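So you can see what is in the structure, the chains are spelled out below.
There are 2 protein chains.
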Amino acid sequence: MKIENDLILRAARGESVERTPVWMMRQAGRILPEYREVRSKLSGFIELVETPELAAEVTLQPVHLLGVDAAIIFSDILVIPQAMGCAYQMIEQKGPWFENTIRSQADLKSLHIADPASDLAFVTDAIRIAKKELNNRVPLIGFAGAPWTIMAYMTEGSGSKTFSVARKILYTEPAFAHKLLGMITESTIAYLKAQVEAGADMLQIFDSWAGILSPALYEEFSLPYIKQICEAIDEVPVTVFAKGAFFARELLGKLPCRTIGLDWNMDILESRKLLGPDKTLQGNLDPCLLYADHETIRNSTIEMLKAFGPNKHIANLGHGVYPDTDPDSVRVFIETVKTYRHS
Amino acid sequence: MKIENDLILRAARGESVERTPVWMMRQAGRILPEYREVRSKLSGFIELVETPELAAEVTLQPVHLLGVDAAIIFSDILVIPQAMGCAYQMIEQKGPWFENTIRSQADLKSLHIADPASDLAFVTDAIRIAKKELNNRVPLIGFAGAPWTIMAYMTEGSGSKTFSVARKILYTEPAFAHKLLGMITESTIAYLKAQVEAGADMLQIFDSWAGILSPALYEEFSLPYIKQICEAIDEVPVTVFAKGAFFARELLGKLPCRTIGLDWNMDILESRKLLGPDKTLQGNLDPCLLYADHETIRNSTIEMLKAFGPNKHIANLGHGVYPDTDPDSVRVFIETVKTYRHS
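Heads up: the sequence lines are chains A and B, in that order.
Residue numbers 1 to 343, in my numbering, belong to the letters of the first sequence in order.
Residue numbers 1 to 343, in my numbering, belong to the letters of the second sequence in order.
Hint data in this document are derived by calculation from the structure and do not stem from the laboratory.
Warning: the hint list may mix true and false statements.
Treat identical chains as interchangeable: a pair holds within one or across any two.
As the list claims (entries may be wrong) - Dumping the calculated DSS-like pairs for lysine-lysine here, alpha-carbon to alpha-carbon at most 27 Å:
#1 Lys161 with Lys94
#2 Lys193 with Lys132
#3 Lys273 with Lys254
#4 Lys273 with Lys227
#5 Lys179 with Lys161
#6 Lys94 with Lys306
#7 Lys273 with Lys338
#8 Lys338 with Lys306
#9 Lys41 with Lys109
#10 Lys179 with Lys2
#11 Lys254 with Lys193
#12 Lys179 with Lys338
#13 Lys254 with Lys2
From a predicted model like this one, the values you see are computed outputs, not experimental measurements.
Required output: the full structure, derived from the provided sequences and hints.
Next comes the structure, spelled out in structure tokens:
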């Protein structure tokens, strides 16, 4: 079944496109009053994640209301630990919190490899509904956290500025870390394959806590597991977004995936040089720029588009859109990308 | 008056040294039981900062108890906003909190340029006492926050993962931002000069939140003010530690200062290449590594020393030592540096 607007898929495959496609990380979320209305009827964030009809509904909102070139399924990277037997809560204003952390070989006994059919059906159901409602208008993006980022939450037990508990384990219990990372990787591969089977046209791996590792730790504990995932998925194009991993760009360029996401700290031309000519790049406007006046947003967006060039680029922010951003400012960003033509 | 062990000063000036000198960011602090004992008798962190005799006492502890090659005055970068009229509290487990934030031109009326003699005498007094008690055994380091980092706290009003309020202002109110940064810079220069006059042998500027800015914002709103400070201080060697500013290393290499600090994300050889041959480099062991067993600490420290080479290096961690680090592990790090000889 042909997707009407397949710009993002073509850009990801490195084909030439009439114009640069655009979407935004966290586009299905609190920036939209329509999202907040759906959310207000529920007890919390996790209830929304686990209710397929509503997750699908908020997935489609930015396509209708903002005009983005792709939908991304509304979900959370922490469904994987939960599916493996390590439940979490999402505490308002504070973030995720795990009652039981996984810090030793003994703790591994409480975990199992996630079975998407029994443990994560709410996500694949949401994908099926969203896919149907999208009616092939734009592609649907599925996603998962990178194993290191998931391990960071499972060991730390919550968000953290330094994730020093998680990092400590890499130095003190490397064998345990590799075992846990292996289990997360296996679960994630099964999960992503189920997402593709349910209808995801493209996948993104979020390594949100890449940037707190030293280059050596990143090479040992994160990259090999992302590579395993990329190798296992050949059905659809995969994007890897390793936030803060400026030091790993040359190695990220060698991953068997199609697209690499850049955060707003990474210089575009330098990143292209380090990553090589083959990859499609995604990003990387500073989400804070959307607080500026419309002319500044327009000029900075055009500057970014020029730096990336006409092909092998998917326009996005350098991180998720901030919840208090004015939707009209978001529309200026999106319209600027959609109307700009490289001369 | 000659300092007995002036290795750090000589390394900072680029002179050749018999061995690499070593100290640790946050060495005067919670890792030492002796610090916790002093602290436990007081109402809070700020009381310790503002009591010169006790601040001097904890400043000297790591020299006696850990054998580091320099003392750093026990204080806080946020004494500057306080001295300018923007008071803060330090809330246990949470961090700094400002009752009144500075977010507009009108808010500037509540501020004044800090006068070290009247607003910051507790720091210069602490320096004088510490200097006397050190008895020229090792140099004493003074410090201040970089203007951008100080502005980030004054505008945001607390710590933050994204400092999106602070960054928003850079896009929406650049003229106001420059005015505030100018006032902070002027206050900081006066403050650092007062520290030197009181006895500081060396100064460090901490740009703790450098890493959340895009390269363009960093060049406009942080670097020029650090440069002004470096230009104003010619009495003693200055170190600039811009955490996370990997993207600015070439420009940091052009600052009129002697030493550049590296965080643990920054590759040593690449950083040397980007910063050029002239600067002394400081850093950069991952503070988490001090959780590992002693042999791992020893091996990783030697690996680091080899990568930096015999001269123009001041050994340190890539960030402050974590409070729950075992002092014996710290001693292994310090002793490894002090006994290693480059062949």
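For each hint, the structure was consulted:
no.	hint	verdict
1	Lys161 with Lys94	both (12 Å within a copy, 11 Å between copies)
2	Lys193 with Lys132	within (18 Å within a copy, 68 Å between copies)
3	Lys273 with Lys254	both (13 Å within a copy, 23 Å between copies)
4	Lys273 with Lys227	within (21 Å within a copy, 29 Å between copies)
5	Lys179 with Lys161	within (25 Å within a copy, 30 Å between copies)
6	Lys94 with Lys306	neither (38 Å within a copy, 42 Å between copies)
7	Lys273 with Lys338	within (26 Å within a copy, 40 Å between copies)
8	Lys338 with Lys306	within (14 Å within a copy, 51 Å between copies)
9	Lys41 with Lys109	neither (37 Å within a copy, 44 Å between copies)
10	Lys179 with Lys2	neither (41 Å within a copy, 55 Å between copies)
11	Lys254 with Lys193	within (22 Å within a copy, 50 Å between copies)
12	Lys179 with Lys338	neither (45 Å within a copy, 37 Å between copies)
13	Lys254 with Lys2	neither (30 Å within a copy, 54 Å between copies)
Violated hints for the displayed structure, listed by number in ascending order: 6, 9, 10, 12 and 13.
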